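S.K.: So you can see what is in the structure, the chains are spelled out below.
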Amino acid sequence: MENPYLPYPVRIDDIEIATEDKSLKTFKFVFLNPEDEDKFSYHAGQFAELSIPGVGEIPIGIASSPVEKGFVKFTVFKTGVVTAHLHNMKVGDIMGIRGPLGNWYPWDKLENKNVVIIGGGFAFTTLRSSIIYMLDPANRSKFKNIDVVYGARSPGMLLYREELFEWEKRDDINMHITVDGTDDPDWKYHTGFVPTIVEQNAPKADEDTYAIICGPPIMIKFTQPSLTQLGYKEHQIIMSLENRMKCGIGMCGRCNIGKELVCKDGPVFTLEQINQTPKEY
Amino acid sequence: MKFITIDKKDWAKGIEKSRETYRLFGPVKDKNGFLIKRLEQDILPDMEYHDSIMSAKSILFPQTEKMLSTTLDDSKKDHHIMKRDQIDTTPRAIIGIRPYDAKAIQLVKLNFDTDDYRDPYWCDAYEVTTFVGLAINKPGPFDFSTSTGTGPFCEEGLDILLADLDDQFLAKVLTEKGETFISACGFDTIGDEKESSALFDVLRKEAEKNIVSHIETNKLKEKTILELHEAPFWDDIAFSCINCGTCTYVCPTCWCFDIQDEVKQKDSVRLRIWDTCMSSLFTRHATGHNPRETKVQRVRQRFMHKLKYFFDKYDQGIMCVGCGRCVKSCPVNIDIREVCNIMNSYEKQD
Amino acid sequence: MDSYTTKIRELSAALLEDEKVDFVIGFKQGTIPMATSPHIARTPEQAQQLIWDNNCGINLANYLTNRKEKIGIIAKGCDCRNIVTHIIENKINREQVHIIGVPCKGMIDKAKITLLFDEEITSYSENNETITVKTLSDEKNIDKNEFLKSNCITCTHRNPVIYDELAADLVEEQVIEDPFPDVRRIEEMTADEKWNHFEDLLKNCIRCYACKNACPLCYCPTCFVDESSPQWVGKGQDTTDVRTFHYLRAYHCAGRCTDCGACVEACPMDINVRDFTRKLNKDSFEMFGWEAGLDLSKRPPLDVYSPDDPDDFIK
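Protein chains in written order, with the working numbering: chain H, 1 to 281; chain C, 1 to 350; chain B, 1 to 315.
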């Protein structure tokens with residue numbers, strides 16, 4: 001087996017400022033060795049360790065989708081040593097990526113089902129990967145209705161704005177974009193917190209509907225009751241957890257919660273699994 | 001099964017001969033106790049030792065280990081591309097390792113060698129290491145290894161098991177690796193199989209009878225994780241803990257580590273360093289959010305991991321081999337035996 | 001010590017019965033010979049588990065930091081000095097603590113006793129100044145005073161400097177002519193000898209931080225060794241990093257250390273980290289006439305300035 005600690009060398013191909021306060025940037029990476037891209041074949045929902053020699057590594061959800069070829073994209077929030085260093089890097093700089101790591105959203109279980117995607121803030125990265133995957137012509141027919149509720153503090157804080165508005169125009173996906181508040185008179189979409197918008201717009205649950213939630217702990221805490229009210233059972237609610245990680249391959253023990261290792265047995269869990277685990281996340 | 005008798009007068013010569021092919025490790029006296037260390041030229045393992053302060057895990061899993069390195073100098077070739085240094089394939093032998101430490105290595109192997117991933121640093125070292133165990137004739141008062149699925153004469157994880165018979169060693173050769181090591185030493189006096197086997201049996205029973213410390217683990221499996229996690233006794237158990245890392249560092253089955261990048265001028269290395277779940281930084285996110293912010297949460301995590309989570313996840317018993325090192329080294333005398341018995345006997349009050 | 005134990009239990013139970021404190025911190029019997037474990041007694045029944053013997057070397061003031069409750073604490077001489085330091089440094093209020101002071105005749109050095117035997121010690125008992133230690137095949141009766149911890153040998157503050165009640169009569173203070181012979185021995189070494197001494201001292205350090213965590217003075221929310229932005233110290237065993245940790249920690253305790261020896265007692269590798277702190281204690285004493293934790297009204301020398309502070313180091 002290959003050395004799982006060895007990163008694939010990549011070059012920064014593009015950097016976009018993702019939010020109006022510049023706290024998030026979207027990085028586009030290209031593999032230096034073309035065969036590494038095949039080795040890095042991933043599913044929507046997985047993450048990778050972005051590795052900067054001399055600085056450290058960070059576990060970030062993969063924002064690009066498996067159907068997008070030739071590059072990988074990550075949206076990174078500046079909050080610590082490594083992310084601050086990454087934000088100061090330039091196009092052309094060389095670093096590394098390890099992965100893909102973790103499990104992914106249960107795509108085989110979601111076939112022929114209605115999918116409700118709920119995201120908040122900058123946790124939307126793997127959800128972008130999921131939406132592009134589902135909307136791809138090769139895959140769209142595998143799923144029934146797709147509803148998306150995505151909210152941020154203000155319009156400028158929404159990620160992937162252009163793509164969101166494009167999806168909103170399509171008729172094979174129901175977008176419910178919301179912001180906590182705005183004084184923009186041209187704002188066309190919802191205003192209100194994600195849990196409220198979920199209550200008002202998400203479809204009622206039936207056996208064939210699953211919900212995927214990804215967001216800050218506080219959003220999840222208040223959205224869960226809304227989903228329960230709409231009839232979603234524990235095994236129908238799919239969540240992606242965050243935790244402090246180092247190795248990403250289930251060996252250093254840092255992300256251990258109960259029996260699970262978030263980097264290897266997760267980060268995707270059903271609410272049923274999470275309720276059997278101590279609340280240390 | 002092959003048995004070799006080794007007259008103690010021939011022991012030193014044989015060990016020296018093995019140096020031609022093996023790098024040797026074993027217990028040596030150091031200030032107030034024994035440590036398992038690299039045996040430099042002419043130094044023999046001290047076979048009279050009763051226990052070592054630190055376990056043998058550092059031979060396969062050093063406290064500080066270089067994983068990858070690169071140059072940050074943009075003018076050099078392959079800058080910023082991390083690579084692993086030359087792999088050292090020189091055979092190693094740990095002489096005098098205790099059976100519980102060898103069992104501990106088998107438990108740690110479950111972590112580093114999985115179906116999905118193989119830790120090359122640990123596994124490459126494991127593959128070239130021969131474990132020459134020394135059975136314990138007179139177990140000490142803190143040895144509770146028979147309660148944890150191993151024992152003073154247990155053979156699991158060993159390539160050779162030596163029994164100390166005063167003026168000679170009786171070696172039970174368990175694997176091919178053991179066979180190779182014995183030949184490298186030149187020990188070739190074959191012992192009678194039936195007699196030797198019987199003698200081992202007698203010694204084992206005698207040693208196991210001398211184990212005075214026991215723990216109960218029979219009811220741990222039937223309790224749920226959440227039941228034990230929410231139990232009320234953790235506050236009192238955790239009170240005296242000072243959240244150092246002593247228990248985790250002396251423990252042969254603890255494997256948590258940190259990965260740190262260090263830079264000296266233009267050279268960058270990625271190091272693996274032992275880490276401890278007792279540290280308040282262990283689970284702190286970059287945003288400042290810390291799921292295990294308080295001392296009691298961390299103390300609970302350690303004991304739950306060792307005695308419950310590992311048990312449930314791997315079904316190989318508890319993550320403890322009964323060596324007693326944490327019991328002896330803990331500055332405030334928190335005793336895993338006590339905690340285990342409390343957990344085992346806990347009945348939830350409704 | 002039995003009379004000590006009885007009195008401590010009595011006083012603690014009374015405090016809890018009268019609800020004068022939320023809990024009492026003391027020691028309970030350890031699970032192995034020569035050990036005690038810090039214990040929290042919340043009820044008079046739990047107070048009956050409190051004991052006092054020659055193995056109470058850990059500094060209980062360590063458990064007071066930043067607490068909000070009313071606390072009873074069983075404190076020996078050096079512990080009381082650390083409580084004074086805690087109060088001066090705003091880590092606890094005087095009104096919060098009810099101190100049951102214990103005049104101390106010294107604690108024993110476990111490492112020294114362990115070295116007397118080839119096997120593990122299986123039992124320990126004391127009878128006044130005589131200690132009986134047994135292994136599976138050996139037994140020795142030793143005089144406690146020959147096996148005192150080295151900080152107890154030079155202790156001149158055995159009586160609590162601050163207390164609300166006493167668990168026993170005050171004891172006679174030792175008069176020590178020369179309190180720092182160990183420091184002077186190192187001061188008189190050549191530069192090479194000093195280097196070798198300290199390299200040898202630190203070679204087994206496993207960065208467990210038992211010394212730092214057992215010390216009542218080390219209460220920084222984020223210790224300098226844990227900082228990451230910027231990172232001051234590496235976390236591995238690079239000898240430069242190990243030295244940095246120990247030398248800097250000693251300096252952070254300069255003028256505050258009471259030489260309680262909890263650091264050495266806690267260290268699993270028996271490293272005498274007091275070689276660092278003692279030098280700074282000697283300097284504080286000789287340059288500023290200062291000993292930490294004796295007077296609630298005085299601030300430590302590194303906190304204050306006076307025009308006639310010695311300055312002959314300025315060349």
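Honestly, the hints are just simulated from the structure, not real lab data.
The model shown is predicted, which means the values in this text are computed figures rather than measured ones.
Be aware that one or more of the hints could be misleading.
Just some of the chain H residues that point at chain B, by a computed CB distance under 10 angstroms [said to hold, decoys possible]:
#: 1; residue: 56
#: 2; residue: 81
#: 3; residue: 106
No residue lacks a Cβ here, since even glycine has one placed at the ideal position from N, Cα and C.
S.K.: Any hints from earlier that this structure breaks? Give me their numbers in increasing order, please.
M.R.: When the structure is compared with the hints, only number 3 turns out to be violated.
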